[in-house]
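Work out the full structure, taking the sequences as your base and the hints as a guide.
Keeping their order, the protein sequence lines are chains A and B. Numbering follows the working numbering, with no gaps: position 64 of the first sequence is 64. Numbering follows the working numbering, with no gaps: position 189 of the second sequence is 189.
No wet-lab data here; the hints were simulated from the structure. None of the hints are false.
To give an idea of the interface, some chain A residues facing chain B are shown, with a C-beta separation under 10 angstroms as derived from the structure:
1) I52
2) K81
3) A82
4) S88
5) A111
6) K112
7) L193
8) P205
9) C235
10) L238
A virtual CB, placed ideally from N, CA and C, is assigned to each residue, including glycine.
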Amino acid sequence: MKKLISRTVQLSAVVLVALLLTTQFAAAEYGLNMPKGVTQISNEVYRLHMLIFWICVAIAVVVYGAMFWSMMFHRKSRGFKAATFHHSTLVEIVWTVIPFIILIAMAIPAAKTLIAMESTGSSDMTVKITGYQWKWRYEYLDGDAKGVSFFSSLSTPLEQINGDADRNQNPNYLLEVDNALVLPTGKKIRFLLTSSDVIHAWWIPDFAVKKDAVPGFINEMWTVIDTPGVYRGQCAELCGKDHGFMPIVVIAKDEPEYTAWLSQQSDAAIQQAKIELE
Amino acid sequence: MSTATVDDHHDEHPGFFKRWITTTNHKDIGTLYLLFSLLMFFVGGAMAMVIRAELYIPGLQWVEPGFFNSMTTMHALIMIFGAVMPAFTGLANWLIPMMVGGCDMALPRLNNWSFWILPFAFTMLLSTLFMPGGAPAGGWTMYPPLVLQTGNAFPFVIFSIHLMGISSIMGSINVVATILNMRAPGMTLLKMPLFVWTWLITAYLLIATMPVLAGAVTMLLTDKYFATSFFSAAGGGDPVMFQHIFWFFGHPEVYILILPAFGIVSHIIPTFARKPLFGYSSMVYATASIAFLSFIVWAHHMFTVGMPLVGELFFMFSTMLIAVPTGVKVFNWIATMWRGSMTFETPMLFAVGFVIMFTLGGFSGLMLAIAPADFQYHDTYFVVAHFHYVLVPGAVFAIMAAGYFWLPKWTGHMYNETLGKWHFWLSTIFVNLTFFPMHFVGLAGMPRRIPDYSLQFTEFNTMASIGSFGFGLSQLLFAFIVFQTIRGGKKATDQVWEGAEGLEWTLPSPPPAHTFDVPPVIK
Numbered sequence: 001m002k003k004l005i006s007r008t009v010q011l012s013a014v015v016l017v018a019l020l021l022t023t024q025f026a027a028a029e030y031g032l033n034m035p036k037g038v039t040q041i042s043n044e045v046y047r048l049h050m051l052i053f054w055i056c057v058a059i060a061v062v063v064y065g066a067m068f069w070s071m072m073f074h075r076k077s078r079g080f081k082a083a084t085f086h087h088s089t090l091v092e093i094v095w096t097v098i099p100f101i102i103l104i105a106m107a108i109p110a111a112k113t114l115i116a117m118e119s120t121g122s123s124d125m126t127v128k129i130t131g132y133q134w135k136w137r138y139e140y141l142d143g144d145a146k147g148v149s150f151f152s153s154l155s156t157p158l159e160q161i162n163g164d165a166d167r168n169q170n171p172n173y174l175l176e177v178d179n180a181l182v183l184p185t186g187k188k189i190r191f192l193l194t195s196s197d198v199i200h201a202w203w204i205p206d207f208a209v210k211k212d213a214v215p216g217f218i219n220e221m222w223t224v225i226d227t228p229g230v231y232r233g234q235c236a237e238l239c240g241k242d243h244g245f246m247p248i249v250v251i252a253k254d255e256p257e258y259t260a261w262l263s264q265q266s267d268a269a270i271q272q273a274k275i276e277l278e
Numbered sequence: 001m002s003t004a005t006v007d008d009h010h011d012e013h014p015g016f017f018k019r020w021i022t023t024t025n026h027k028d029i030g031t032l033y034l035l036f037s038l039l040m041f042f043v044g045g046a047m048a049m050v051i052r053a054e055l056y057i058p059g060l061q062w063v064e065p066g067f068f069n070s071m072t073t074m075h076a077l078i079m080i081f082g083a084v085m086p087a088f089t090g091l092a093n094w095l096i097p098m099m100v101g102g103c104d105m106a107l108p109r110l111n112n113w114s115f116w117i118l119p120f121a122f123t124m125l126l127s128t129l130f131m132p133g134g135a136p137a138g139g140w141t142m143y144p145p146l147v148l149q150t151g152n153a154f155p156f157v158i159f160s161i162h163l164m165g166i167s168s169i170m171g172s173i174n175v176v177a178t179i180l181n182m183r184a185p186g187m188t189l190l191k192m193p194l195f196v197w198t199w200l201i202t203a204y205l206l207i208a209t210m211p212v213l214a215g216a217v218t219m220l221l222t223d224k225y226f227a228t229s230f231f232s233a234a235g236g237g238d239p240v241m242f243q244h245i246f247w248f249f250g251h252p253e254v255y256i257l258i259l260p261a262f263g264i265v266s267h268i269i270p271t272f273a274r275k276p277l278f279g280y281s282s283m284v285y286a287t288a289s290i291a292f293l294s295f296i297v298w299a300h301h302m303f304t305v306g307m308p309l310v311g312e313l314f315f316m317f318s319t320m321l322i323a324v325p326t327g328v329k330v331f332n333w334i335a336t337m338w339r340g341s342m343t344f345e346t347p348m349l350f351a352v353g354f355v356i357m358f359t360l361g362g363f364s365g366l367m368l369a370i371a372p373a374d375f376q377y378h379d380t381y382f383v384v385a386h387f388h389y390v391l392v393p394g395a396v397f398a399i400m401a402a403g404y405f406w407l408p409k410w411t412g413h414m415y416n417e418t419l420g421k422w423h424f425w426l427s428t429i430f431v432n433l434t435f436f437p438m439h440f441v442g443l444a445g446m447p448r449r450i451p452d453y454s455l456q457f458t459e460f461n462t463m464a465s466i467g468s469f470g471f472g473l474s475q476l477l478f479a480f481i482v483f484q485t486i487r488g489g490k491k492a493t494d495q496v497w498e499g500a501e502g503l504e505w506t507l508p509s510p511p512p513a514h515t516f517d518v519p520p521v522i523k
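Right, here's the structure in full:
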């Protein structure tokens, strides 16, 4: 009876693990991993992520391998007699030094990428981002776009959120805004980031750009987008009730399309400025 | 059932009030701590069930977003301060005097007070659920300015944190005093069992960091009510300064939640491998190194706040360094298992589960240490997966392992081994079903602390929710097993386990109320 129960437990464990693994593979299309993204930095970050991941896998194979081998063979039920060793300075030194070397090998490329990520100098244009509970404001600070400014809030209908309308037909559920931030490709864009109330965080996974918007302080970050497209992210710092409902959408356009967009905005901005003057 | 039978093995027969309310006995206070912790584990767990029910599918189904945030905040506060920390203190109360051959804790009245503060602190914390403006919803990290938007609950939360801090500090002073003064003759520091060592170091961490947390939350209080502006730029303060102070407490706190678990596992693995612990002194040094490093890594929780590059580099390197002593511990446990003569009773299953899954949490921790990659991981479900792996199949599994391991000693009864194994396998399967998929949604871009999510995260969230319901239900089995063992069962021998070594196993099972009135002599 006891054996039967433990058999059943073991079997159900195997089945569940297998089930878990297959569902994971089946769900590959839903995204299992960090996106490679569309900037040089995001690609470097992805490579670092995969490097440390495979290092961890290699260590895991050795560590878990030794453990499972031991659990399989060094059992009392197999009549294995316990050894009595309990100390070895040499072994302790070896397994202190080897991880240390691996860490140094890891730290060098990580430091290089980090330094690159923080080099905000010599940018082509600057956009100021301000977080509000619960929307974003974008202001273009220089060049032809100077003076363009707008708010950007969630545009997913409330009915879809509370279930009165079908959300399954909306591929961008919770990841869509009324006014997206439009940026040119191939230009070094510097962002100045702040907040008007509580701390928010501006994050686009495809750019590997994430930083906190802190009220009363200005943070800097930068990106160069390689490919035109629509890129989506979300606020990444708990900012109250609607923290889950302040997405970020960036539309990256190549030079001619960006200029076309800009000329429309400039007209609109001039109109807006006139209204404010009156 | 008459209560008199419970006291059969004690040399006095106090009434219920005297036995439990005014008690100064380390064993009774240990029991109180452990039962309180079990209760809070279910309260905090129920909140987790609310969170997972809301996240079962996209959309808002069960709760308002504000209440959802209260649930995440309260779940964390209750699990950390109400479940895991009191469980460790309960184990310290029961075990440290017996392990060092002392007759009781050094400061018994303080001990009573340390415990009896807690029910009041948590009643106050839980009462905030019914206050205008709701329970705190700014996250357990209480970052300003958001936390200052809390309603009437705010001062009550701060005061309950002060109370928890006072309780922890007094408990820790007691542990330090006991370990340094109550050891049996001949028990030098480097002969102490590892649970005692890890708790000694943990107690110092608590004494060093709890006042820092108290200071930080007091500054929040004066910012809100007395017009100071420690954390408001408008008045010359800095919201990020709170984060630095908080994590100066918060990172050692992480090790407060895991070091005693290291100690527990270092007792269980040698017992069931029937082989002495490998590298005892390196275990002690590794614990001390981890404790030291825990004070100089705090800002890795805040890589994205906009620190200077040099700061980011420093905190990245120091954080990576922690992998070295932690690795040494894992290697030592495996070397202890290696060529042992192992059996897999429930405590051993939980201990082995701990080593495997804590290591998994350690791997994701190493990934998080890489600052450039952390910019992508930060505040996503990847982080949620990471710290739940080190806290649930880490700290909580170790506490349960300790429960199964020492329960026969405490109660004099063996627990039901078949049910214990069922509890282990159900917990292990469901805990992985809950937290493993969180790695994937996190990497794919799902931020943490959101009540609703976009459609591409649906499958893994549903999976995690099912896992969490299963895990929650499995713990009812644990409570059943514990109470069944308290009430009766096969008589336990004094040594309980074939391979058990240490002073506590030389005492009768259950031990009388007062043990080691005459200290044993250690050769």
